[in-house]
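If you're matching them up, the sequences are chains P and Z in order. If you count by our numbering, then the first sequence holds residues 1044 to 1159, one letter each, in order. If you count by our numbering, then the second sequence holds residues 14 to 128, one letter each, in order.
These are computed hints drawn from the structure, not numbers from a lab. Worth double-checking, as some hints may not be accurate.
[What the hints assert, rightly or not] Label-pair distances were calculated between CB atoms; the ranges are: (1) P:Thr1063 - Z:Asn114: 35 to 43 angstroms; (2) Z:Val65 - P:Gln1100: 24 to 32 angstroms; (3) P:Gly1128 - Z:Gly53: 23 to 31 angstroms; (4) P:Ser1123 - Z:Leu109: 29 to 37 angstroms.
[Said to hold, decoys possible] Take a look, some chain P residues computed to stay more than 12 angstroms from chain Z by CB distance: (5) Thr1048; (6) Gln1049; (7) Gln1082; (8) Ser1085; (9) Asn1105; (10) Asn1110; (11) Lys1116; (12) Lys1121; (13) Thr1154.
Glycine included, every Cβ here is placed at the ideal spot set by N, Cα and C.
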Amino acid sequence: AQTVTQSQPEMSVQEAETVTLSCTYDTSESDYYLFWYKQPPSRQMILVIRQEAYKQQNATENRFSVNFQKAAKSFSLKISDSQLGDAAMYFCAYRHGSSNTGKLIFGQGTTLQVKP
Amino acid sequence: DVKVTQSSRYLVKRTGEKVFLECVQDMDHENMFWYRQDPGLGLRLIYFSYDVKMKEKGDIPEGYSVSREKKERFSLILESASTNQTSMYLCASSLLAARRNQPQHFGDGTRLSIL
């Protein structure tokens, strides 16, 4: 069975600096998708960034980028120029490529604190 | 924008009660999901549905059931609430899996306390 592990329960970063959140996953499949979700204190979970396993290029969305290491089964999230609004819980999630249901497997989450 | 609406943000019930959590989405999504979120455990899938009247068990279905009579509505039912079901419950929806990089869209969550 696939598993997703976020080994950092809490992280902190100074405003305007860069922080990296780690995520590893375990799968025997070659076709899959990876996601980072953000859950601010108001609680609605929103998508930050997604990566298709067949793409070698790392996904980027403005200040958010990933370091996707397929062989190492690692999918870290880098937040550049951190802002106070980035403070949230971040979840890494995995989806099997052949899944017809869109079922996601989530990591345990990392709480990010941004210090002014 | 996709809107996923959960009927309550906070709910307090008593042990043994039958509890209904309602979720409605407005984007004609085929897939709908119920998760519970607990500290240190992330989100765990309780049930999901990929069509009206269709449902499948997730990873922790014990003590729960679901109902999907209409495409836009997915209900989670705690048949006889117990204190270990005190948790945050999140509903989500997504498009049909043919677009496999499509994300799930989440509601605000319901914080349920069972006394």
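Structure-based check of each hint:
1. Range check, Thr1063 (chain P) to Asn114 (chain Z): about 23 angstroms between beta-carbon atoms, so the 35 to 43 angstroms window is missed.
2. For the hinted restraint 24 to 32 angstroms between Val65 (chain Z) and Gln1100 (chain P), the CB-CB distance of approximately 39 angstroms leaves it violated.
3. Checked against the given bound of 23 to 31 angstroms, the beta carbons of Gly1128 (chain P) and Gly53 (chain Z), roughly 25 angstroms apart, stay inside it.
4. Range check, Ser1123 (chain P) to Leu109 (chain Z): about 34 angstroms between beta-carbon atoms, so the 29 to 37 angstroms window is met.
5. Distance to chain Z contradicts Thr1048 (chain P) as a non-interface residue, since its nearest Cβ pair spans about 10 angstroms, not more than 12 angstroms.
6. For Gln1049 (chain P), the condition that its CB be more than 12 angstroms from all CB atoms of chain Z is violated, with the nearest at approximately 8 angstroms.
7. For Gln1082 (chain P), the requirement that its beta carbon stay farther than 12 angstroms from each beta carbon of chain Z is not met, with the minimum near 8 angstroms.
8. The claim that Ser1085 (chain P) is not at the interface with chain Z is violated, since a C-beta of that chain comes within 12 angstroms of its own (minimum 7 angstroms).
9. Distance check for Asn1105 (chain P) against chain Z: the nearest CB is about 17 angstroms away, which clears 12 angstroms, and the non-interface claim stands.
10. Interface exclusion of Asn1110 (chain P) from chain Z stands, the closest Cβ pair being 19 angstroms apart, more than 12 angstroms.
11. For Lys1116 (chain P), the condition that its CB be more than 12 angstroms from all CB atoms of chain Z holds, with the nearest at approximately 17 angstroms.
12. Non-interface status of Lys1121 (chain P) relative to chain Z is upheld: no Cβ of that chain comes within 12 angstroms, the nearest being about 19 angstroms off.
13. The beta carbon of Thr1154 (chain P) is not kept farther than 12 angstroms from every beta carbon of chain Z, the shortest such distance being approximately 10 angstroms.
Going through the hint list in order, the structure does not satisfy hints 1, 2, 5, 6, 7, 8, 13.
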